[in-house]
Every structure is written in C-alpha cells, then in structure tokens.
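Novice: Residue numbers (the numbering used here), protein chains in the order written: chain A, 1 to 115; chain B, 1001 to 1114.
Don't read these hints as lab results, they were simulated from the structure. For glycine and all other residues, C-beta sits at the position ideal for the given N, C-alpha and C. Don't take every hint at face value.
To be verified - Partner residues aside, some chain B positions facing chain A, computed with beta carbon under 7 Å:
#, residue
1, Q1041
2, G1042
3, L1043
4, L1045
5, L1090
6, T1098
7, T1100
8, T1102
9, F1105
10, G1106
11, P1107
12, G1108
As the list claims (entries may be wrong) - Here are some chain A residues the structure puts well away from chain B; computed CB gaps all over 10 Å:
#, residue
13, L56
14, V57
15, P115
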Amino acid sequence: AQSVAQPEDQVKVAEGNPLTVKCTYSVSGNPYLFWYVQYPNRGLQFLLKYITGDNLVKGSYGFEAEFNKSQTSFHLKKPSALVSDSALYFCAVRVVYNQGGKLIFGQGTELSVKP
Amino acid sequence: DGGITQSPKYLFRKEGQNVTLSCEQNLNHDAMYWYRQDPGQGLRLIYYSQIVNDFQKGDIAEGYSVSREKKESFPLTVTSAQKNPTAFYLCASSRGGTTTDTQYFGPGTRLTVL
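Chain A on its own, in the form it takes in the complex (with noise of 0.2 Å):
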C-alpha cells in the first residue's frame, strides 16, 4: 500500500537550533513529494516538493527538504528555527488515482520553537 508517515507527533526546538521533520514514504513508481504547514484553524500552505533533479530542494520561509531515494526519506530542515515556525507541519506523496491524481498525507507533525 502506498503510504506516507511522519514518525515524530511532536518536535521541540529552541529558537535559533537547526531543526528536522521526519518524513518517510512508500509508493510505487517515482515519488512526488510535498511538504505543507498549518497554522491553527487555517489551511494548508505549500513550502516545497519534490518532482526531479536535485536531491535537496529549497522552498518557502528559509526550509528545505532532502530527498533520499535509498532511504524513501524526505525530511523537512530549516538552519536556524523561529518561534514563528511553530506549526503543523504535513508530508504528503502525490499518486496515481483513477485517472488523474490524488496527495497521500501523514499524521501531521506538531513543531514548537521556544524562544
């Protein structure tokens, strides 16, 4: 089964500390991965994916994610953390569905910058 998983419910790390999402994922064919954040009661918006090419990718607000084909990783990273990163944070895989198709998402990790 095609799946997507966030180990960490919950990440902790303290302003200016370099910081990981953990993504891990299971498909079939090429993965196309996403990563997306969510404030409280708000949608989700898009920092990155990952379609082809280089295997690190640079998105919004300062993150970047690495791909790692042998791993079936794709971890969230940002150099240097802000209270304001604090959020929930979504990995998702785009797969074939029907005939068009559909993002996978994992439980959602809940990251916390304290000052």
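Put chain B on the given structure of chain A with help from the hints.
Specialist: Below, chain B without anything else, positioned relative to chain A:
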C-alpha cells in the same frame, strides 16, 4: 491561502440536516478537491474534479455529494447520511490533475454537528 475562498468559516448543523460548504477559486485551475481533516490525522480525500461537469469519489465519499457546474466553484454537500460529519473541511485546487501539479488550499470550514 491564495485565490481560494471557503465559506462559511464556522458551520453548525443539527442532526438530520444537509449542509453545503462553498469553495471558490480565481486561479483558473482545472482541478479541485475536497478533504476532511480530523484531529491527529492527516487529510483524507472526499471528492475531486479534474474538469467542469466531471467529478470522482475519493477515499471517504459516503455521505457527501458535490457538483462542478462552473470552473471556479466546487461546493460540497454534507448529507444526513454522513455518520460523523464534525470535522475541518478543506478545499484545494491545482492547475491540472497530474501527479506533479501543486495543490493549493483554502482556509477551511469547521463543521460542528449539534
């Protein structure tokens, strides 16, 4: 949240009532989607539409219905047949329905059944 609007932001429904959630986009996107979000879970696909006058069931379509009469609009009706409708509902759109297109989300509607 970009050019996708959802209304209302909060909606309260009595048991046995049908309610309709609005989703409008001005991005000229062909594909539109409805997801349901429950606490501690990822999003689950309810319905999607790749083109006007066409839509497909997602993973949890039972108790829901949609229409796509206009490119910019994709309303979702939560019927009385939906056993547990209390949730946060998110609408999304993408330029096309292919696997590489990015989906952009609206601000969501929180539905509560009283």
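Novice: All hints, please: hold or fail.
Specialist: Taking the hints in turn, this is what the structure says about them:
Among the interface hints, the one on B/Q1041 holds; its C-beta lies about 6 Å from the nearest C-beta in chain A, closer than the 7 Å criterion. The beta carbon of B/G1042 is positioned within 7 Å of a beta carbon in chain A (closest approach about 3 Å), and the interface hint is therefore held. Among the interface hints, the one on B/L1043 holds; its C-beta lies about 5 Å from the nearest C-beta in chain A, closer than the 7 Å criterion. Because the smallest distance between the Cβ of B/L1045 and any Cβ of chain A comes to about 5 Å, under 7 Å, the interface hint for this residue holds.
Residue-level restraint check for B/L1090 holds (minimum Cβ-Cβ distance to chain A is 6 Å; threshold 7 Å). For the restraint placing B/T1098 at the interface with chain A, the shortest Cβ-Cβ distance is roughly 6 Å, inside the 7 Å limit, so the hint holds. Proximity of B/T1100 to chain A holds as hinted, the smallest CB-CB distance being about 5 Å (cut-off 7 Å). Annotation: B/T1102 was flagged as interfacial toward chain A, and the flag holds, the nearest CB pair being 6 Å apart, inside 7 Å.
A hinted interface residue such as B/F1105 counts as satisfied when its beta carbon comes closer than 7 Å to some beta carbon of chain A; here the least separation is about 4 Å, so the hint holds. The restraint placing B/G1106 at the interface with chain A holds, with a minimum CB-CB distance near 5 Å, inside the 7 Å limit. Satisfaction of the interface hint for B/P1107 is found here, the shortest Cβ-Cβ separation to chain A being roughly 5 Å, below the 7 Å cut-off. Satisfaction of the interface hint for B/G1108 is found here, the shortest Cβ-Cβ separation to chain A being roughly 5 Å, below the 7 Å cut-off.
Interface exclusion of A/L56 from chain B stands, the closest Cβ pair being 18 Å apart, more than 10 Å. The non-interface label for A/V57 is consistent with chain B: the shortest C-beta to C-beta separation is roughly 13 Å, beyond 10 Å. Against the 10 Å criterion, A/P115 stays outside the reach of chain B, whose nearest CB is about 27 Å from its own CB.
Consistency with the previously given hints is maintained throughout, with no hint failing.
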